[in-house]
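With chain A held as given, fit chains B and C onto it using these hints.
Protein chains in written order, with the numbering used here: chain A, 178 to 426; chain B, 178 to 426; chain C, 178 to 426.
By construction, these hints were calculated from the structure, which means they are not laboratory data. Everything numeric in this text was worked out from a predicted model, so none of it was measured. Just so you know, even glycine gets a beta-carbon here, dropped at the ideal spot from N, CA and C. Please note that a few of the clues may not be correct.
What the hints assert, rightly or not - A short list of chain A residues far from chain B (calculated; beta carbon distances all over 12 Å):
1) D261
2) S319
3) Y337
To be verified - 20 Å max Cα-Cα, derived PhoX-like pairs, lysine-lysine:
4) K398/B with K398/C
5) K249/B with K382/B
6) K249/A with K367/A
7) K382/B with K419/A
8) K233/C with K301/C
9) K224/C with K376/C
10) K419/B with K382/C
11) K390/B with K398/A
12) K376/C with K331/B
13) K331/B with K185/C
14) K367/B with K224/B
As the list claims (entries may be wrong) - Over 10 Å on every C-beta distance to chain A, these chain B residues come out as not near it, computed from the model:
15) Q182
16) I191
17) K198
18) C213
19) K233
20) P270
21) P272
22) L325
23) D354
24) K376
25) S383
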Amino acid sequence: MQFLQLKKEEGIEIVTLTRGKVNALNEHVIEEMTDCFNTLADDSEVKAVIITGQGKFFSFGFDIPEFLHYPKEDFVRYLNKFTDFYTALFLYPKPVIAALNGHTIAGGCMIAVSCDYRIMISGKAKIALNEINFGSSLFAGSVELMKLLLGQRKAEEAIYSGAMYSAAEAYQLGLIDRVSTEEEIGSEAKNIARMYASKDGVAFKSIKNLLRKPAAEEMRKREQDSIREFVDIWYAENTWKKLQEKKIY
Amino acid sequence: MQFLQLKKEEGIEIVTLTRGKVNALNEHVIEEMTDCFNTLADDSEVKAVIITGQGKFFSFGFDIPEFLHYPKEDFVRYLNKFTDFYTALFLYPKPVIAALNGHTIAGGCMIAVSCDYRIMISGKAKIALNEINFGSSLFAGSVELMKLLLGQRKAEEAIYSGAMYSAAEAYQLGLIDRVSTEEEIGSEAKNIARMYASKDGVAFKSIKNLLRKPAAEEMRKREQDSIREFVDIWYAENTWKKLQEKKIY
Amino acid sequence: MQFLQLKKEEGIEIVTLTRGKVNALNEHVIEEMTDCFNTLADDSEVKAVIITGQGKFFSFGFDIPEFLHYPKEDFVRYLNKFTDFYTALFLYPKPVIAALNGHTIAGGCMIAVSCDYRIMISGKAKIALNEINFGSSLFAGSVELMKLLLGQRKAEEAIYSGAMYSAAEAYQLGLIDRVSTEEEIGSEAKNIARMYASKDGVAFKSIKNLLRKPAAEEMRKREQDSIREFVDIWYAENTWKKLQEKKIY
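Extracted from the complex, chain A is given alone in its bound form (with noise of 0.2 Å):
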């Protein structure tokens, strides 16, 4: 694998994000990612799984540079392996740690709610689902998460505003379970996993299954119409304009 690092303790998996320095998603560290969760849901040895980044990013979201010479349809085939890898781990059969490491933004946020459990450590750091700032729509499946982890309210709230928020002000809001240091994240997500996999890896199976499934069923059912409405917002030329002027970075 190119852009990931794997290393194993103690029945913890931990993948770390390595492609350049803000992690930056596109399709081939979405296929490495969606194999490497394959393989480990079957590694009976592996009872938790920790996603982190290295440096200081979790993941600045979609490559855009390289997506402005993807074209639709290419886009299209990425953003269906990206939402299809998002609602795998929602459903993960086995307990899914963020490691927040760094800035966490988009995608990265995207992927970071998909999980059981957000530590996040505090300083500059910033999440945020902010793609409304750059003309930008969303995915149903994203809205949803958001809205099962905050509630309708203060989900409008943060995608509405786009807001950047630090790790303290995401506790507050209930995007992040917990506030660490630079320091520190590494052994309290080590913790936090090793709480979950002490518990019945069948029944946590089934249990998050109860907990998740429905919810994915309505995502999937309105992916597909919200892939083709992001591709043509995505496109049109007063989007695309701001894409270009990278008025994002």
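This is chains B and C only, laid out in the frame that chain A set:
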């Protein structure tokens, strides 16, 4: 228009209810509001809408003395128009800010909770969905709106008690987003409207649909049945007597 | 009735579970409760119901030692009766107040969360949905009830941890509505029941259906499948061993 005043300021349209002392809702008012919002949806200069009332009331809700003279079938027709209006408002393609200038009761509260943001004056003004206190039921959609805003348990508390909440209490509960004063509500509402208006309109509309259409579809499925039951209870001896005695005033 | 004591006071019916030290639930108890609540639904003198337990327990949940002698098919029959009971309670046409006089565990907690209001004594009493800690799954309906009450994230936290909450902690979480004491819970529960009983019964029933029927329909759709999976896990070697070792006591 007889019962609405309109005023446009830098892309913000201010719609003011002006019907008597309490801005009571009847068929004519709902028709005017429906037409007005339809027109504003097509007006490309309008980026956001503020809805407010004149005097000491945002709205006291249905004009009960008038409806006591309505035959059942006419009342059903009115209720269809009313529930269609708040559903359309809930899905309105532009941001709608409710500036609650005073008492916001029953049907008035249903309109408020359909908007994107609620700001309310402190002091004597109350907000309540108090139908239970005069033996009336509610509509499926209005209940769903309360559940979305407050969560199941707090919605039950508000609806079963029929409590009259001050702005401070309503803010605590999550029923409004901000407490203001009589002097400042106008300028504060405009500031909030400007924040919403600054977002890309196409992205806003698309995202609002993702956030709200699934719930709106559920609302619509059940609205007709709930109107039938609402009317049966409304015309039942016990409720009718309470309505005639105007215990509600 | 063998395991229930009934007492009527000014339109409030108090139903007390009286089965041994821990009010463990078996098929007989559930049948009695089902019959009892059906009868009370038709009794026009009853305006509200309080459900409570004798001794130091509201209910410790299923009578596991007894169920260890149940063949699979009999256990399935019991689970159908049990889930039917809490679903009927969730939609019960009259207000039901749970007066949690002591420990409220597993199946006991499921009954509590089906009611309209929960008041619990402070002190040593705990409330928990702790099935995961003995390798057991849950039922679709019971999970949905927790999600409705707590929201998705807090429901996940409570269910994945299987934590034993004191009344104060449960109140903080939203799992109960009020903390009381051993001395005062009786009179406080009656005050709350009186408040509910003072509302128009027809309006209450209609509104309760609007608030809860959509969720109940979703619960029912998934209940059968979840019972099948629950039973498979319950009789699996790993869980069965934990149940026999009574690690849960």
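Evaluated hints:
1. D261: holds (18 Å)
2. S319: violated (8 Å)
3. Y337: violated (7 Å)
4. K398/B with K398/C: The hint holds at about 17 Å.
5. K249/B with K382/B: violated (37 Å)
6. K249/A with K367/A: The given pair, whose Cα atoms are some 41 Å apart, is violated under the 20 Å limit.
7. K382/B with K419/A: Within the cut-off at roughly 18 Å; holds.
8. K233/C with K301/C: The given pair, whose Cα atoms are some 9 Å apart, holds under the 20 Å limit.
9. K224/C with K376/C: holds (9 Å)
10. K419/B with K382/C: With a Cα-Cα distance of about 18 Å, the restraint between K419/B and K382/C holds, given a limit of 20 Å.
11. K390/B with K398/A: Judged against 20 Å, a Cα distance of about 13 Å means the pair holds.
12. K376/C with K331/B: Holds: K376/C and K331/B sit about 18 Å apart, inside 20 Å.
13. K331/B with K185/C: violated (29 Å)
14. K367/B with K224/B: Holds, at roughly 12 Å.
15. Q182: For Q182/B, whose nearest Cβ neighbour in chain A is about 27 Å away, the distance exceeds 10 Å, so it holds.
16. I191: The claim holds: I191/B sits with its nearest Cβ about 20 Å from chain A, beyond 10 Å.
17. K198: holds (31 Å)
18. C213: Holds, because the least Cβ-Cβ distance between C213/B and chain A comes to about 23 Å, which exceeds 10 Å.
19. K233: holds (27 Å)
20. P270: The claim holds: P270/B sits with its nearest Cβ about 13 Å from chain A, beyond 10 Å.
21. P272: Non-interface label fails for P272/B: nearest chain A Cβ at 8 Å, not farther than 10 Å.
22. L325: violated (4 Å)
23. D354: Violated, because the least Cβ-Cβ distance between D354/B and chain A comes to about 8 Å, which does not exceed 10 Å.
24. K376: violated (5 Å)
25. S383: Incorrect as stated: the minimum Cβ-Cβ distance to chain A is 4 Å, not above 10 Å.
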